[in-house]
Amino acid sequence: MSVVRWETGMEAIRIQGGHRFRLKHRPSSECANREAPKTVAFAPRGIEGLKARMKVKEGDTVKRGDLIVEHKRNPNITFTAPASGTIKEIQYGPRRRLDAVVIELAGDDAKDFGSHERGALAGLGREKVVEKLIEAGLWHRLMAYPSNEIAPVPGYQPPAPDEHSEPPVPDVIQSLYVSACATEPHLPSVEVVLQGNEEFFAAGLEVLKQIPLGKTYLVTVDGQKVPSAASSVTGVTQKQLQNKYPAENTGVQVYYTERLKKGQVAAGLKAEDVIDIGHLFLEGTVRTERTYCLGGDGANDKKHFKGHIGLKVSDLLSQDVAEDTRLIAGGILTGLTVGADDYLSPYDSAVQVMKEDRERTLLHFVRLGMEAFSLHRLWPSGLLGGDKEYEVTTSNNGEHRACIQCAKCIDVCPTDLMPNIVFKAALSGDIEKMEQVGVIDCTDCGLCTFVCPSKIELTQIISDGKALIKKEG
Amino acid sequence: MHKLLDTLLELAKNKKSPFGLPPNGALISATDAGIRKVPEVTHRAPHARDATDLKRVMITVTMALMPAMIFGMYNVGRNSYGSIGITDAGVVACFIEGAVHVLPIAIIVLLTGGFWEGLFAQLRGHEVAEGFLVSAPLIVMIVPPTIPWWQLVLGVSFAVVIGKEVFGGTGMNILNPALVGRAFLFFAYPAQMSGDVWIARPFKKVVENGADKIVANWQTTIPADKISAFIDKMNAGSAVVPDAFSGATPLAVAAVNEPGVKSIEVLHKTWSAQDMFLGNIPGSIGEVSTLALLLGLVILLITGVGSWRTIAGTFIGGFVMAFVMNLAAGKSSPEFFSLPAHEHLIMGGFALGAIFMATDPVSSPFHKTSKWIYGFLIGVLCIIIRTINPAYPEGMMLAILFMNVFAPLVDHYVVQAALKRRFPNAE
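Note that the protein sequences, when read in sequence, are chains W and U. Just so you know, we're using this note's numbering here: the first sequence kicks off at 1 and counts up by one. Just so you know, we're using this note's numbering here: the second sequence kicks off at 1001 and counts up by one.
Pulled out of the complex, with its shape left as it was, chain W reads as follows (with noise of 0.2 Å):
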């Protein structure tokens, strides 16, 4: 068994356009557990395309790994309760849209999927471990790029839509991306997360890497250290990306290391997932901890935390939220709004605690603005760049205007679209013009928002645009 090393001085590939931000109110590296509380919840925000069939009802009882929820149009796809308890409460949004599975945690009774010894890992062969994955709930954080829904699982044969058309042909994935790296502003410092978990971290990429059909990869970014017990996992292949946002998108990883052709998908993990993954492979059971951060001006503890997986917004804060605060479950530039009472999904590692920004600035267009930041040239932190650490607002810092061509989303897209004819195309739902000016390829990072001096939602409305695509078919 030939030994990977990890290749410290592998020359890191370049990303056009990204950025590299760094910003104020960063998490600390720093590390706390939150104690265990009283509810967590299975909360599927972000699973786009979920039509849930609900497998327990409110007072039920749950061991920790029981099925919970079914997708109605795969039911291949499971989601598992993240803790044992009693079914609290089911909360629903609009239109039936399941919002979250409520559980008041008692005991701890973990349901066995049945363990694997380290070594065993390798030889168990793709159809047992994506029926594992199934099984254990799992396989929902596997997700597919372009579709940007959860993976097909391999095997599985959707119906056709009616009687008179053909089953579809399933897509397959074709290599699959670990993220071991985290570039968006603030999300939990990769090294935290693995941090005696390099075991099931390594345990995890064993068994992925019998998925898809192609390669492996493990994407770090440059400059950053790798724990050794990824290294002996062999066959999976090591990329190094600038460290720069978004290097952490499956999308972006993929523009730089293949293309894909038409049937096939990438999937992509975080590092957590793997872990869990790995927890699952190893030890049997679903795994309950996660490791979280907070950052945002309006946060008072800037630091990671050990918690529970499923949390509660509240309890991962435990603090006051002053009024007039924005809380956003995610990175800054890719994160959902939340609500204090709501609880974060199996994708979320992170809340941002931001104060609402609707400070008046007289004639800030003539000011020489040395705080502000901005990536255009027009402001000193967008001209000298360096170092310097810059805060950044909820403030929308202008109004909407109308697109003066300035070509700075162009400057910014880290897959070479020109978001501005994008867009144009997207807002005239011409679905073929969107197709060639490569709206696939949009990995909807929201740089080319972040940068419009006139306001546009450009990433709001490419991916309506998307959206579009996928209905018309």
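What the hints contain is simulated information worked out from the structure, not anything from laboratory work.
Cross-link-like lysine to any residue pairs, in silico, SDA-like; alpha carbons within 25 Å at most: (1) K466/W x K1420/U; (2) K1368/U x I1059/U; (3) K455/W x V1038/U; (4) K424/W x A407/W; (5) K388/W x I1302/U; (6) K433/W x I1174/U; (7) K355/W x T337/W; (8) K388/W x E359/W; (9) K1420/U x A407/W; (10) K470/W x P1424/U; (11) K466/W x A402/W; (12) K215/W x S231/W; (13) K424/W x R1044/U; (14) K1003/U x I1028/U; (15) K455/W x I1028/U; (16) K303/W x K388/W; (17) K1368/U x D444/W; (18) K424/W x M1172/U; (19) K424/W x Q1416/U; (20) K1420/U x Q264/W; (21) K433/W x K1420/U; (22) K455/W x A1033/U; (23) K1420/U x I410/W; (24) K433/W x F1406/U; (25) K455/W x H1126/U; (26) K355/W x M370/W; (27) K261/W x Q1416/U; (28) K455/W x V1041/U; (29) K424/W x P1408/U; (30) K424/W x F1406/U; (31) K355/W x E1040/U; (32) K1368/U x Q436/W; (33) K455/W x M1172/U; (34) K302/W x V1041/U; (35) K111/W x V56/W; (36) K262/W x Q1416/U; (37) K466/W x Q1416/U; (38) K51/W x E89/W; (39) K1368/U x D411/W; (40) K215/W x R1422/U.
Nothing here was measured: the structure is a model prediction, and the numbers come from that model.
Add chain U to chain W, keeping to what the hints say.
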């Protein structure tokens, strides 16, 4: 200040009139939004936004225009003094004299343009867009100092309404609004836009009792005794005005195509290349000094607002085409053909057009490659119009307007080619 604005806003909201003025909520809130950051926050990811807004972009261009504007003001005064034979008036006196001519023009442009912008903003229920922050100084810079004020009002109205608002406002226009206004004036009132209009003389000719009489102008700060001394000399037939202040621009002098007239020699007898570079020449208010315009260029390039590709393309195109014309110059061709190529770039509106007009992002293409093509063609076209068409020695305006129209076409082909080369990530 914040308190005052808040109070005014509150009054406007309650439809009360501040200071006994007629209630105009839209005007107050527009002013308020114009000088303070709006209290708007993001509604979705990305939750933070870049500090740059259009106000910052436009005000930076306006700042970059200021060196040329200030020099232009001085130059108007210098020419005014020069036209009565005084060439040692001093910088301050020249500047004050220039201000007397330029400031009313600037005020008229701002008021007229502001009126139309405000009207359209109110009709559409939009905020006032920032584009006029740049168009206004540009219009001031490309008109002669002697322009009749009523024509200026018409020109600005045409620029704002036809040049921009009918297309939907800033960002939607296909032509550079300032140039649209100038083109309108050029073709509608050629007498006031060409010929002997580039020097604001402190005296004028009036007809009194059937006879021509020269009297002092009211719009001047030059002491009356100096003017009347010159008028007396003129009436006596002994007035001497240096050639440089005769009223013709270097371009017009060089473009003279008459048998026996060595126009280039005549040009160089009056002005050296250095004069034209520094701006010691008559011309539109802000176009004269290439040096001052280059100072603005530095600001544009440092801040990245102006595309260096467009600017470089324009200068290269102009130089190449002028050089081709030099090569083509023969015995039977007009003298103008043999004007040294580098002098084309410092004469007339070439530098102003290349640096500030061609780079207008809205009316130019957005792709990097297109910008080279676009700029190059502007330079080429400008020299062709200048040299081959003697009726329009000032070709920059027409060249830019022409390429404005073709900008989307250039972009279309370049983008299609780029998309073909682009390797899609996923099929």
